[in-house]
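Undergrad: Now for the letters of each chain:
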Amino acid sequence: MGEKIANGFLFALSTVYLIFARQLAFGSLSYPKGGFIPQITGWAAVIISGYLFVKSLLGKGDSKDVKVQIDWKRFAALMFSIVVYIVLLKPVGYIVSTVLVLFAVLKIGGVKGWKIPCVISLCTSVFFYLVFKIALSVPLPAGIIG
Amino acid sequence: MDILKMLMDGFAVCFTWENIMACIAGVIVGTLTGVLPGIGVTGAMALLLPISFGMDGTTALIMFAGIYYGAMYGGSTTSILVNLPGEAASVVTCLDGNQMAKKGRAGAALAISAIGSFIAGTIGLVGLTFFAPLLSRAALKFGPPEYFAIAVLGLVLLTNLTGKNPLKSVLMVLIGIMMSTVGMNVVTGLRRFTFGVPELMRGFEFGVVAMAVFGINELFSTLLEPQEEIKVGKVRFRELYPTKEELRRSIPPILRGTLIGFFIGLMPGPAGTLSSFASYSVEKKISKHPEEFGHGAVEGVAGPEAANNAASSATMIPLLSLGLPFAPPAALLLTGFIVHGVTPGPTLITRHPDMFWGLVASMYIGNVFLLILNLPFVGVFASMLKTPANILMPIVMVITFTGAYATNNSIFDLVLLLILGVFAYFISKFGYSMAPLAVGLVLGSTIETGLVQGLIICNGNFLELMSRPIAGSILAFAIVLVLITFAKPIKRILMHSKES
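Heads up: the protein sequence lines correspond to chains A and B, in order. As numbered in our numbering, residues 1 to 146 make up the first sequence, in order. As numbered in our numbering, residues 1 to 500 make up the second sequence, in order.
Calculated directly from the structure, the hints in this document are not laboratory data. Beta carbons are placed, not taken as given, at the ideal position from N, Cα and C, and that holds for glycine. Among the hints, a few may not be true.
As the list claims (entries may be wrong) - Not the full set, but computed from the structure, chain B residues with beta-carbon under 7 Å of chain A:
| # | residue |
| --- | --- |
| 1 | Asn165 |
| 2 | Met178 |
| 3 | Thr181 |
| 4 | Thr188 |
| 5 | Leu223 |
| 6 | Lys386 |
| 7 | Asn390 |
| 8 | Ala406 |
| 9 | Asn408 |
| 10 | Leu414 |
| 11 | Phe430 |
| 12 | Glu448 |
| 13 | Val452 |
Extracted from the complex, chain A is given alone in its bound form (with noise of 0.2 Å):
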């Protein structure tokens, strides 16, 4: 099942391309333009996976035996937890957002206890603020502490 949603997730996303390649100018031969190598690409990619998703969904895929072994319930923590941390981190800051989203990766990660992560947290997130920041120069957001 699994390589058949990946076979069919690139077929669409070539499919998509192609649709905007399409309306990109492809000129000619002695002059081409802006759509040229994209619309070539966006042909070669779509048969490509068409092929291969039609040969998943005849079960003839060469990785149909792979099973992936993932927990579900930590994928959605993480994403969750790093999704929050992208909106958060320009409103309350690098060191705050930082803090928060470390501890949340520890815990789920299957880090025991509460001192431990709360420890590396911390001193990781102004470990790297310190080095981005004052080190290298590279601006990170302040935010609430700024």
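Knowing the structure of chain A, use the given hints to seat chain B on it.
TA: Relative to the frame of chain A, chain B by itself:
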């Protein structure tokens, strides 16, 4: 003599406090990358790209190159001690290296591996020193059609050598090229696939894509899938001496591995992995005792480890002399050059001799550092394996997100990082390799510019483009390779349809 003088000037560039520190930092990070199974060399280089923004260009590149060849040294440590390859290039070292460790010869296997890597790395560098300037000089005559032809051949070879299914690799290359068309077109100035999003105007940033498809992908694998507990034994310094017999048996495989690795390194694809497997099979074939292979044959450690290090030196040749990266780590080095305002290619040696020769000289110095790091300090690196992955990977995640944000100070890059990371994680489960995508993304613009300008030069006559001696012969070779690759499956389909 001219080359030797230039190399000496390179050493003068390299022997500054900052450059030596960058070289040491690079080889240490590289060795750690090789030792720790969760972090790949491309991911590590991508993570450190934003850190290099504030550095001098030569210093940054010295550090990046150190990470690349350092990883080849470190990968063998875990293969030998815990039967767990830190890098794909060290998979084959597990076969005999770990068997030697089980027989109490772990120290000897580690020493042979480090010595072999040092000899091969250094010989490979001599090849780089003399061959890259020659190729650069020849490449000055290349025009857009020749670059197009070389890039196409590179991608064809890459798809043949990566993954089990060449069609899946071709599709990944195409997706990489598709990604390279997003943003402002360099030839026509046209905005493509930007959908009104200003951040898409600059296209996909290679560093961010590499962090996603190599870094985030690894993070998800480690945190979401069951991991085996790693037990590491102690290695004492006094145990690191191979016997005279072991040394005698190792020298010829090291030299053969060096040659194999160097030539495979010139070709696109996972040169480190391919060269180590090729060397192993050669050693097994010519050995008087093939039955010993898989049971602790020292040749099975010496040859492959030499091969993957020679390959890492040779991979630099097409990058530095043509500006074409044929492997993801080389593509990141290219990004490192571009970030610092330098475009590698035939004019690199003449326009930026300090940078080119400084980088080459730093690799000689780095090899010596690596020998020191990987002999007396091998136990220290091995003990790093005890760091729990569920603590290490979240910290790596923070560096990844901070690095991606720092690239353009943009939240959009973080969104892109997450989307591409999830995409890479799921797709790679089904036989899709990320290396062709990364190389396709980097070479996409070379292919487009080369083909479009080539067709304009030849007035749209593709046969005229093929009649140019260099471009034509390279393209003809690429076409033959494609035919060979796909002739067999097509023949099989035809036979099958005939039978049914």
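Undergrad: Does Asn408 of chain B meet its interface restraint, that is, does its C-beta lie within less than 7 Å of any C-beta in chain A?
TA: 11 Å, violated
Undergrad: With a cut-off of 7 Å, does the beta carbon of Lys386 of chain B approach a beta carbon of chain A closely enough for the hint to hold?
TA: 15 Å, violated
Undergrad: Can the hint on Val452 of chain B be confirmed by a CB-to-CB distance to chain A that is less than 7 Å?
TA: 5 Å, holds
Undergrad: Tell me if Thr188 of chain B is really an interface residue toward chain A, meaning its C-beta lies closer than 7 Å to one of theirs.
TA: 5 Å, holds
Undergrad: Tell me if Asn390 of chain B is really an interface residue toward chain A, meaning its C-beta lies closer than 7 Å to one of theirs.
TA: The hint holds - Asn390 of chain B has a Cβ within 7 Å of chain A, the shortest such distance being about 3 Å.
Undergrad: Return the status of the interface hint for Asn165 of chain B: holds when the least beta-carbon distance to chain A is below 7 Å, violated otherwise.
TA: With Cβ-Cβ at 5 Å, under 7 Å, it holds.
Undergrad: Quick check on the hint: Ala406 of chain B CB to chain A CB, less than 7 Å?
TA: 4 Å, holds
Undergrad: Return the status of the interface hint for Glu448 of chain B: holds when the least beta-carbon distance to chain A is below 7 Å, violated otherwise.
TA: 4 Å, holds
Undergrad: Do the numbers back the hint for Phe430 of chain B, that is, is its least Cβ distance to chain A under 7 Å?
TA: Holds. Min distance 4 Å.
Undergrad: Does Leu414 of chain B meet its interface restraint, that is, does its C-beta lie within less than 7 Å of any C-beta in chain A?
TA: 5 Å, holds
Undergrad: Holds or violated: is there a CB of chain A closer than 7 Å to the CB of Met178 of chain B?
TA: With a closest approach of 5 Å, the Met178 of chain B hint holds.
Undergrad: With a cut-off of 7 Å on the beta carbons, see whether Thr181 of chain B makes it to chain A.
TA: 5 Å, holds
Going down the numbered hints, you'll see the structure goes against 6 and 9, while the others check out.
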